[in-house]
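Visitor: Here is what each chain is made of, one letter per residue.
Protein chains: 2
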Amino acid sequence: MYEVKVFVTLKEAVLDPQGSAVKNSLHHLGYEGVEDVRIGKVLTLRIDSSADKVEAVVQEMCEKLLANTVIEDYRYEIEEVVTS
Amino acid sequence: MYEVKVFVTLKEAVLDPQGSAVKNSLHHLGYEGVEDVRIGKVLTLRIDSSADKVEAVVQEMCEKLLANTVIEDYRYEIEEVVTS
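Chains as they are written, first to last, in the working numbering: chain S, 1 to 84; chain Z, 1 to 84.
Think of the hints as simulated: they come from the structure by calculation, not from any bench.
There's no promise every hint is true.
Because identical chains cannot be distinguished in the list, a pair is counted as satisfied if it fits within a single copy or across any two copies.
Straight-line Cα separation of at most 30 Å, DSSO-like style, residue types lysine-lysine; simulated pairs [to be verified]:
#1 53 to 23
#2 64 to 53
#3 41 to 53
All chains should be modelled from the sequences, with the hints used to inform the complete structure.
Guide: Next comes the structure, spelled out in C-alpha cells:
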C-alpha cells in the first residue's frame with residue numbers, strides 16, 4: 001500500500017483569480033504584507049500497487065485526470081505504508 | 001520576504017465528495033488499485049514581514065481566513081526568500 005501526495009499548481013503564466021481574491025481579503029483584514037497568493041490542490045491517494053509499477057501509475061493518472069497539463073504543473077511524493 | 005506554503009485538508013471525519021468523485025473516475029479509467037482519495041488545498045503566499053512576526057501572522061491568517069477550522073486542518077512551511 002502506498003500513500004501518494006500529488007501537488008497540482010497553476011503554471012506561473014496562468015492567472016489565479018482565486019488567489020487574487022484571497023490576497024484582497026487578506027489585505028482587507030489588515031495583512032498588507034501579503035504580496036502574492038497562489039492556490040493549488042493537494043491530492044492524497046492510497047494505492048494498492050506493486051513497488052515497480054506505482055510511480056508509472058501515478059504519473060499516468062496525473063497526465064490523464066488529476067492535472068490539466070495545459071495550465072497546471074504537478075509533482076508527487078510516494079511513500080510506502082506499512083500496515084501491521 | 002518569506003514564501004509560505006499552507007496545506008489545508010479536510011479533517012479525517014469529514015466526508016470528501018470531491019475526493020470520492022475523483023476516486024470513481026480513476027476506477028472508471030481502470031485504476032482499480034486506488035482505495036482512497038482526499039483533496040485539499042495548498043496556498044503559496046509571499047509575505048513581507050519581519051522574522052519574529054511571520055509565524056504568528058501566518059497562524060492568525062489561517063485561523064481567520066485560510067482554513068475553516070471546524071472541518072479543516074492546516075499546517076504550514078515558512079521559508080525565507082533571499083532576493084539578490
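Visitor: Determine for every hint whether it applies to the structure shown.
Guide: Verification of the supplied hints:
1. 53 to 23: Between copies only: 19 Å across chains, 41 Å inside a chain, cut-off 30 Å.
2. 64 to 53: within (16 Å within a copy, 42 Å between copies)
3. 41 to 53: Both, since 24 Å and 27 Å are each at most 30 Å.
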